[in-house]
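Please build the complex by placing chain B on the supplied structure of chain A, with the hints as guidance.
In case you want the letters, here they are:
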Amino acid sequence: GAVVSQHPSWVICKSGTSVKIECRSLDFQATTMFWYRQFPKQSLMLMATSNEGSKATYEQGVEKDKFLINHASLTLSTLTVTSAHPEDSSFYICSARDEAGSLYGYTFGSGTRLTVV
Amino acid sequence: GDSVTQMEGPVTLSEEAFLTINCTYTATGYPSLFWYVQYPGEGLQLLLKATKADDKGSNKGFEATYRKETTSFHLEKGSVQVSDSAVYFCALSPPNTGFQKLVFGTGTRLLVSP
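The listed protein sequences correspond, in order, to chains A and B. With the numbering used here, letter number 73 in the first sequence gets 73, and the count goes up by one each step, no holes. So the numbering used here is basically just the index in the second sequence, starting at one, shifted up by 117.
Source of the hints: derived by calculation from the structure; they are not laboratory data. Errors might be hidden in some of the hints.
What the hints assert, rightly or not - Coverage of chain A stretches by chain B, computed from C-beta distances (three or more under 8 Å per stretch; other residues unrestricted):
id, stretch
1, 31-44
2, 109-116
To be verified - Below, in silico cross-link-like pairs of lysine-lysine (DSS-like), each with a Cα-Cα straight-line distance of 25 Å or less:
id, chain 1, residue 1, chain 2, residue 2
3, A, Lys41, B, Lys169
4, A, Lys66, B, Lys218
5, B, Lys173, B, Lys194
6, B, Lys218, A, Lys64
Even glycine gets a Cβ: it sits at the ideal position worked out from N, Cα and C.
Just chain A, with the same shape it has in the complex:
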């Protein structure tokens, strides 16, 4: 079945540095990828939707300049947390939808736990 690989699974970084998280669809082409953020004991919150070759669409309240999303190919999307601060510490999860655009074709990565110290 469809597999989405997310890397790294966890990362610790210093305040003020930037961190890049990769999301790859391994055996299918993903025209659309989604980035979520999850705080402890809270829902997954959609941060942005990225479409291959175009700018990401950010949800209300998500800072575009802090969370840079790039979807340069049909198999790779990246989320870069710029100038990270402790409040950016969270669990980030990506998902990808296959090229057919099936309603049920959402495949999730295993998530990245970011800790900013």
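Then chain B, alone, in the frame of chain A:
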């Protein structure tokens, strides 16, 4: 706006016990409804889905029925196993987004002991 409310966990059960995880939703129109499961160290996996009122989704012994009148989509399983221990997320996809997005509940951790 659209939202999903599910019971807080953890839910702790003995093997072969009956499971119910409650989920209610708020949405405009008729959303599609989903249950996702996340096993330790893995990504979310679609467990089952329902797209219209009175539909019953089922998979791996789990069932959930789309109840429009009570805006609910409770997850049930007649006899849980230790291997069912995971976090379960209820989610909806709003029709006013063209079913493009997913709105999740907070997740419910299930712990099954032998």
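Hints versus structure:
Coverage of the stretch 31-44 of chain A by chain B holds [criterion: at least 3 residues with CB-CB distance below 8 Å; count 7]. Look at the stretch 109-116 of chain A against chain B: 3 of its residues bring a Cβ nearer than 8 Å to a Cβ of that chain, three or more, so the hint holds. About 29 Å separates the Cα atoms of Lys41/A and Lys169/B, which puts this hinted pair outside 25 Å; it is violated. For a cut-off of 25 Å, the pair hint linking Lys66/A to Lys218/B stands: about 22 Å separates their Cα positions.
Only pairs whose Cα atoms come within 25 Å are accepted, and Lys173/B paired with Lys194/B is accepted, the gap being roughly 13 Å. At most 25 Å may separate the alpha-carbon atoms for a hinted pair to count; Lys218/B and Lys64/A meet this at roughly 19 Å.
Hint check: a violation occurs at hint 3 only; the rest are consistent with the structure.
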